[in-house]
Amino acid sequence: NAGVTQTPKFRVLKTGQSMTLLCAQDMNHEYMYWYRQDPGMGLRLIHYSVGEGTTAKGEVPDGYNVSRLKKQNFLLGLESAAPSQTSVYFCAVWEGQVAYEQYFGPGTRLTVT
Amino acid sequence: DQQVKQNSPSLSVQEGRISILNCDYTNSMFDYFLWYKKYPAEGPTFLISISSIKDKNEDGRFTVFLNKSAKHLSLHIVPSQPGDSAVYFCAASASPNTGNQFYFGTGTSLTVIP
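Chains as they are written, first to last, in our numbering: chain A, 1 to 113; chain B, 1 to 114.
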């Protein structure tokens with residue numbers, strides 16, 4: 001039972017390159033979230049999904065796209081990476097009912113040069 | 001604009017003493033509040049939560065207090081232990097009013113000195 005996993009753990013991109021971050025869960029939770037963490041900024045929501053086939057924008061969605069084709073996977077895409085997207089990215093899941101706590105993945109550290 | 005604020009970026013406490021971490025919020029629709037703990041190179045982990053119908057919730061050494069009129073919550077850790085050294089984030093939600101989103105503060109880095 002791995003919980004929430006993220007792939008890759010680290011990545012260095014050049015400006016203009018594209019990549020996809022994968023979040024996978026085995027908890028069967030409906031809600032999935034992508035956050036970025038930057039120094040002095042806390043965790044900011046990029047996009048989220050309330051179920052398979054659905055996505056919605058969060059606080060800082062520009063420059064990112066997401067897809068939730070399967071319930072257990074939530075993909076975050078950067079079509080043309082910019083240095084401002086250098087950050088640590090966290091995926092989180094939430095059951096969406098009684099308990100409000102989210103479960104987080106270990107993070108992906110992305111550097112855009 | 002930041003809806004959840006943690007105005008103290010860092011806090012140092014002696015082992016055995018009380019640690020008090022503070023959090024303020026601006027959105028009166030928030031009805032559920034959570035604290036997360038984060039070690040370096042790991043994802044945040046849930047610590048304790050409180051619903052707006054309560055003003056206190058306790059779990060072992062950790063107690064969260066909520067003052068709705070002041071839009072303020074605090075996390076008390078008693079006694080503090082070196083293993084508590086981490087970054088603590090508070091978070092708030094008004095699901096479904098906020099579209100099932102959670103809003104996080106900027107974090108407070110706690111150092112417990114042995």
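A few of these clues could be false.
Claimed, not checked - The list that follows gives simulated cross-link-like pairs (lysine-lysine, PhoX-like), each with its CA atoms no further than 25 Å apart:
{"id": "1", "chain 1": "B", "residue 1": "37", "chain 2": "A", "residue 2": "9"}
{"id": "2", "chain 1": "B", "residue 1": "56", "chain 2": "B", "residue 2": "68"}
{"id": "3", "chain 1": "B", "residue 1": "71", "chain 2": "B", "residue 2": "37"}
{"id": "4", "chain 1": "A", "residue 1": "57", "chain 2": "B", "residue 2": "5"}
{"id": "5", "chain 1": "B", "residue 1": "5", "chain 2": "B", "residue 2": "71"}
{"id": "6", "chain 1": "B", "residue 1": "56", "chain 2": "B", "residue 2": "5"}
Stated by the list, open to error - Have a look at the derived ranges for each label pair, beta carbon to beta carbon:
{"id": "7", "chain 1": "A", "residue 1": "71", "chain 2": "B", "residue 2": "72", "range": "21 to 31 Å"}
{"id": "8", "chain 1": "B", "residue 1": "12", "chain 2": "A", "residue 2": "28", "range": "33 to 43 Å"}
{"id": "9", "chain 1": "A", "residue 1": "83", "chain 2": "B", "residue 2": "58", "range": "17 to 27 Å"}
{"id": "10", "chain 1": "B", "residue 1": "16", "chain 2": "A", "residue 2": "71", "range": "20 to 30 Å"}
{"id": "11", "chain 1": "A", "residue 1": "19", "chain 2": "B", "residue 2": "10", "range": "26 to 36 Å"}
{"id": "12", "chain 1": "B", "residue 1": "52", "chain 2": "A", "residue 2": "51", "range": "37 to 47 Å"}
No wet-lab data here; the hints were simulated from the structure.
Every residue, glycine too, gets a C-beta built ideally from N, C-alpha and C.
Handout entry: Hint check, failures only
Key = Violated hints: 7, 9, 10 and 12; rest satisfied.
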